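A.B. asks: Listed below are the residues making up each chain.
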Amino acid sequence: MRPDLSLTLGALGLLGLAACGQATSPDGDIASPTGDRAISVSAAPDTATEYGKRARARVFGSDGERIGDVMAWQGRDGVLVQLDVRDLPPGPHGVHFHSVGDCEDTGAFKASGAHIGVADGPHGLLHPDGPHRGNLPNIHVGVDGTAIVEFYSNLISVAELRDADGAALIIHQTRDDLQTQPIGGSGGRIACAPFGGRS
Amino acid sequence: MSTKATFYHAGCGVCVDAEQQFAASLDPSKFDIEIVHLGEAPSRLAEAEAAGVKSVPAFVIDGQPYHINFGASVDDLK
Numbered sequence: 705m706r707p708d709l710s711l712t713l714g715a716l717g718l719l720g721l722a723a724c725g726q727a728t729s730p731d732g733d734i735a736s737p738t739g740d741r742a743i744s745v746s747a748a749p750d751t752a753t754e755y756g757k758r759a760r761a762r763v764f765g766s767d768g769e770r771i772g773d774v775m776a777w778q779g780r781d782g783v784l785v786q787l788d789v790r791d792l793p794p795g796p797h798g799v800h801f802h803s804v805g806d807c808e809d810t811g812a813f814k815a816s817g818a819h820i821g822v823a824d825g826p827h828g829l830l831h832p833d834g835p836h837r838g839n840l841p842n843i844h845v846g847v848d849g850t851a852i853v854e855f856y857s858n859l860i861s862v863a864e865l866r867d868a869d870g871a872a873l874i875i876h877q878t879r880d881d882l883q884t885q886p887i888g889g890s891g892g893r894i895a896c897a898p899f900g901g902r903s
Numbered sequence: 241m242s243t244k245a246t247f248y249h250a251g252c253g254v255c256v257d258a259e260q261q262f263a264a265s266l267d268p269s270k271f272d273i274e275i276v277h278l279g280e281a282p283s284r285l286a287e288a289e290a291a292g293v294k295s296v297p298a299f300v301i302d303g304q305p306y307h308i309n310f311g312a313s314v315d316d317l318k
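These protein sequences, in sequence, are chains A and B. In case it helps, the working numbering puts the first sequence at residues 705 to 903. In case it helps, the working numbering puts the second sequence at residues 241 to 318.
Hints were generated in silico from the structure; no laboratory data involved. Here the structure is a predicted model, which is why all the values come from computation and not from measurement. Cβ atoms here follow ideal geometry from the backbone N, Cα and C, with glycine treated the same way. Everything hinted at is true.
Here are the computed distance ranges between Cβ atoms for each label pair:
{"hint": "1", "chain 1": "B", "residue 1": "Met241", "chain 2": "A", "residue 2": "Val847", "range": "55 to 63 Å"}
{"hint": "2", "chain 1": "A", "residue 1": "Asp824", "chain 2": "B", "residue 2": "Ala286", "range": "17 to 25 Å"}
{"hint": "3", "chain 1": "A", "residue 1": "Asp824", "chain 2": "B", "residue 2": "Met241", "range": "41 to 49 Å"}
{"hint": "4", "chain 1": "A", "residue 1": "His844", "chain 2": "B", "residue 2": "Asp267", "range": "44 to 52 Å"}
{"hint": "5", "chain 1": "B", "residue 1": "Lys294", "chain 2": "A", "residue 2": "Asp867", "range": "25 to 33 Å"}
{"hint": "6", "chain 1": "A", "residue 1": "Asp767", "chain 2": "B", "residue 2": "Asn309", "range": "18 to 26 Å"}
{"hint": "7", "chain 1": "A", "residue 1": "Glu808", "chain 2": "B", "residue 2": "Gly253", "range": "26 to 34 Å"}
Chain A with its partners taken away, still in its complex shape (with noise of 0.2 Å):
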């Protein structure tokens, strides 16, 4: 599915000042107001049936220790994600959904597979055919090392990310420059997040 360009600009508006005023308690819960950045992306399944469902998972560095955890909350024309991690090396980092919930190649990461949607475009929530319907904005890591980002993506939904082989969350090396393909340049691997699937 292609995104709705009209519907991504409106999205980002919105979405940015709910997101100000939310972030995740460690149960997942939407708490207190922290004031953490926001962005969205859009296009629209269909997915009023599943609203409210949500998808957890942690999420493991590249030496396999737990670094943080993941929430995706179903809404009524997409996914709230919200990311809590530590210990990652501060700056900017891209971040994707990948096809497999499997996080088990501790370091590599491979298992995880590509970027949800790889075969129906080029990669990058700036492409003009794009994007993927796994792309996310890049997350910023500050000087200690954690971040706390929520963005929200109809692109992609809940039921998909618990589907029969799961999904991943994927945190990348560098920056993902949203363009260039494969994944933007933004490098390998450096933490994973399985929702269902193998875990």
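Position chain B relative to chain A; hints supplied.
C.D. replies: Here is chain B on its own, set in the frame of chain A:
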């Protein structure tokens, strides 16, 4: 007789740079050069992996893989 040299890439920035710096620098009288964009020719992925290519950009010269920096894993293309 020229040596077969296949340059595998996926359109990434590192790939384009490698193509300009290396693939274009090989002597065509010594190498039979083929450039394969795996994003546009995914049917060639199996062949690249069989030759030992794990990431792009990479050369396979006379059957041996040579990886140049890191643009993306082959797994990112499947």
